[in-house]
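Colleague: Just need the whole structure built from these sequences, with the hints factored in.
Quick mapping for you: the protein sequence lines, in order, are chains E and V. Per my numbering, residue 1 is the first one in the first sequence, and the count goes up by one each step. Per my numbering, residue 1 is the first one in the second sequence, and the count goes up by one each step.
Don't read these hints as lab results, they were simulated from the structure. Treat the numbers as computed from the prediction; the structure is a model and nothing was measured. Backbone N, C-alpha and C define an ideal beta-carbon position, used for all residues, glycine too. Treat the hints with care, since some could be wrong.
[Said to hold, decoys possible] Over the 10 angstroms line for every Cβ pair with chain E, so calculated as not near, a few chain V residues: (1) Phe54; (2) Arg63; (3) Glu102; (4) Pro116.
[Claimed, not checked] If you want a taste of the chain E side facing chain V, the calculated C-beta under 7 angstroms gives, among others: (5) Tyr31; (6) Gly42; (7) Leu43; (8) Pro70; (9) Phe74; (10) Glu98; (11) Thr99; (12) Phe102; (13) Gly105.
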Amino acid sequence: DAGVIQSPRHEVTEMGQEVTLRCKPISGHDYLFWYRQTMMRGLELLIYFNNNVPIDDSGMPEDRFSAKMPNASFSTLKIQPSEPRDSAVYFCASSLLETQYFGPGTRLLVL
Amino acid sequence: AQKVTQAQTEISVVEKEDVTLDCVYETRDTTYYLFWYKQPPSGELVFLIRRNSFDEQNEISGRYSWNFQKSTSSFNFTITASQVVDSAVYFCALTLTQGGSEKLVFGKGTKLTVNP
Chain E
1 DAGVIQSPRH EVTEMGQEVT LRCKPISGHD YLFWYRQTMM RGLELLIYFN NNVPIDDSGM
61 PEDRFSAKMP NASFSTLKIQ PSEPRDSAVY FCASSLLETQ YFGPGTRLLV L
Chain V
1 AQKVTQAQTE ISVVEKEDVT LDCVYETRDT TYYLFWYKQP PSGELVFLIR RNSFDEQNEI
61 SGRYSWNFQK STSSFNFTIT ASQVVDSAVY FCALTLTQGG SEKLVFGKGT KLTVNP
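Modeller: Laid out in structure tokens, this is it:
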């Protein structure tokens, strides 16, 4: 079975542009998580969903960030407008029974 | 509040040495899970092991072994006969099962470098 799939793997954009990150969880998993990893702050949980419903978005840094999960096999994390401080690796993870499996990450650079 | 402490920021060993990565956790919950993840230089996060709070049996998987001790709130990870491919950042994490939360609380990671 395929693991968690994320796209794009790398994204370079200019400040002010909209960025959309995509995630396909492992089939059958009922939880989906979005994390951000930076050297300064480590791994931060941004938001997570259960059965496509957002459960906790307390980690979303500000209104420029939004996440959706329109169905069980797809989620997006959108940043609009992007800023240089959003540069980080963004991970998506999914789980069924407590264990989270991570995607390969999207490395975002905002110039 | 829940917390995971990995006191060793970086460890450097020579190939074939044994190395232990420490993990100490804090929680008031009686039911919880502990995890170890590996992040190699390529960047992905790889799940290694899960242990629930009611199972204190140590586990061995090849050169990897884990020592869970509730009395000291520790979940240490030992690599026997380390290899260069073991070089990575290793994260210990804690999750809760009470209240329906599925959040993971991560330690800050220990960077292991295995030199040839």
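Colleague: Which hint numbers does the structure go against, in order from smallest to largest?
Modeller: 3, 8 and 9
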